[in-house]
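Novice: Sequence:
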Amino acid sequence: MASAPTSPAQRHADDAARFTSLVESASAGDWARPSPVAEWTALDIVKHLVEWSRGFLQGAGIELPELHVVADPVAAWKRHVTDIQAILDDPAGRVLSNPHTGDKPVDEAIDEFYTPDVWMHSWDLAKALGREPDLGQERAGAALAAMEPMDRLLRDSGQFGPAVPVAPTASAQDRLMAFIGRDPSWQA
1 MASAPTSPAQ
11 RHADDAARFT
21 SLVESASAGD
31 WARPSPVAEW
41 TALDIVKHLV
51 EWSRGFLQGA
61 GIELPELHVV
71 ADPVAAWKRH
81 VTDIQAILDD
91 PAGRVLSNPH
101 TGDKPVDEAI
111 DEFYTPDVWM
121 HSWDLAKALG
131 REPDLGQERA
141 GAALAAMEPM
151 DRLLRDSGQF
161 GPAVPVAPTA
171 SAQDRLMAFI
181 GRDPSWQA
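Anchor point for the sequence shown: position 134 equals 134 in our numbering, and the numbering is continuous, going up by one each time.
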């Protein structure tokens with residue numbers, strides 16, 4: 001059994017590789033498929049991850065070139081991963097300032113806000129592509145335990161929909177996805 005990644009750069013590399021394999025497996029026709037995120041397609045998931053994070057990094061003085069996700073989702077995603085990984089591999093002491101999160105070293109900010117988004121949205125993209133996602137039960141359980149005490153704050157942020165009811169015996173992954181407003185039994 002491989003040990004869990006211990007640095008922001010390693011965590012991103014692992015989660016981005018998993019997401020990249022999904023992106024690379026999509027056919028041209030797959031990008032229009034619906035996703036578990038209301039009103040989003042598979043393409044919208046990739047656009048979301050690329051666009052918000054590139055804007056977020058401006059808070060560290062990092063200006064990354066615009067990527068044309070719609071024109072070529074695979075190439076845009078791969079370029080994006082390379083850009084983010086380069087920042088994590090050499091954060092150069094940069095600090096990200098954001099009115100919602102305060103000041104944080106850029107690698108910590110990416111690790112706290114962006115990398116978990118890639119990890120959780122891999123569930124959405126897998127489902128949109130008709131695959132069975134695997135976030136890892138232990139990690140899903142830990143994420144759920146960390147998020148549950150912030151339930152009201154998370155819901156009020158508008159980032160998560162209402163929790164979906166699931167059986168108490170549901171897997172940690174299903175309980176996590178239900179908590180953030182996804183129906184674990186959703187099918188494309």
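If you're looking for bench data, these hints aren't it; they were derived computationally from the structure.
Please note: incorrect hints may appear among the correct ones.
[What the hints assert, rightly or not] Cβ-Cβ distance ranges computed for the label pairs, FRET-style:
hint: 1; residue 1: P116; residue 2: T41; range: 18 to 28 Å
hint: 2; residue 1: T6; residue 2: G161; range: 13 to 23 Å
hint: 3; residue 1: A170; residue 2: V70; range: 31 to 41 Å
hint: 4; residue 1: V74; residue 2: D103; range: 31 to 41 Å
hint: 5; residue 1: T6; residue 2: Q187; range: 18 to 28 Å
hint: 6; residue 1: A28; residue 2: T6; range: 12 to 22 Å
hint: 7; residue 1: E132; residue 2: G161; range: 13 to 23 Å
hint: 8; residue 1: G102; residue 2: P168; range: 32 to 42 Å
[Stated by the list, open to error] Below, simulated DSSO-like cross-link-like pairs (lysine-lysine); rule was C-alpha separation at most 30 Å, straight line:
hint: 9; residue 1: K104; residue 2: K47
hint: 10; residue 1: K78; residue 2: K104
hint: 11; residue 1: K47; residue 2: K78
Keep in mind it's a predicted model, so treat the numbers as computed, not measured.
No residue lacks a Cβ here, since even glycine has one placed at the ideal position from N, Cα and C.
Novice: Can the suggested window of 13 to 23 Å be confirmed for the beta-carbon pair T6 and G161?
Specialist: Since T6 and G161 have Cβ atoms about 33 Å apart, the given range 13 to 23 Å is violated.
Novice: Is the straight-line distance between the alpha-carbon of K47 and that of K78 30 Å or less?
Specialist: 12 Å, holds
Novice: Given the hint that K78 pairs with K104, does the C-alpha gap stay at or below 30 Å?
Specialist: Holds, at about 26 Å.
Novice: Is 13 to 23 Å a correct range for the gap between the Cβ atoms of E132 and G161?
Specialist: 22 Å, holds
Novice: Falls inside 32 to 42 Å, the C-beta gap from G102 to P168?
Specialist: 36 Å, holds
Novice: Could one say that the CB atoms of T6 and Q187 fall in the range 18 to 28 Å?
Specialist: Given a distance of about 36 Å, which is not inside 18 to 28 Å, the answer is violated.
Novice: Are V74 and D103 spaced within 31 to 41 Å by their CB atoms?
Specialist: Holds: the Cβ-Cβ distance is about 35 Å, inside 31 to 41 Å.
Novice: A170 and V70, beta-carbon distance inside 31 to 41 Å?
Specialist: Distance hint for A170, V70 holds at roughly 36 Å.
Novice: For K104 and K47, compute the direct alpha-carbon distance and say whether it is at most 30 Å.
Specialist: 25 Å, holds
Novice: When you take the CB atoms of A28 and T6, is the distance between them in 12 to 22 Å?
Specialist: Violated, since A28 and T6 (Cβ atoms, about 38 Å apart) do not stay within the stated range.
Novice: Are P116 and T41 spaced within 18 to 28 Å by their CB atoms?
Specialist: About 22 Å separates the Cβ atoms of P116 and T41, which means 18 to 28 Å holds.
Checked against the numbered hints listed earlier, the structure breaks hints 2, 5, 6; every other hint is satisfied.
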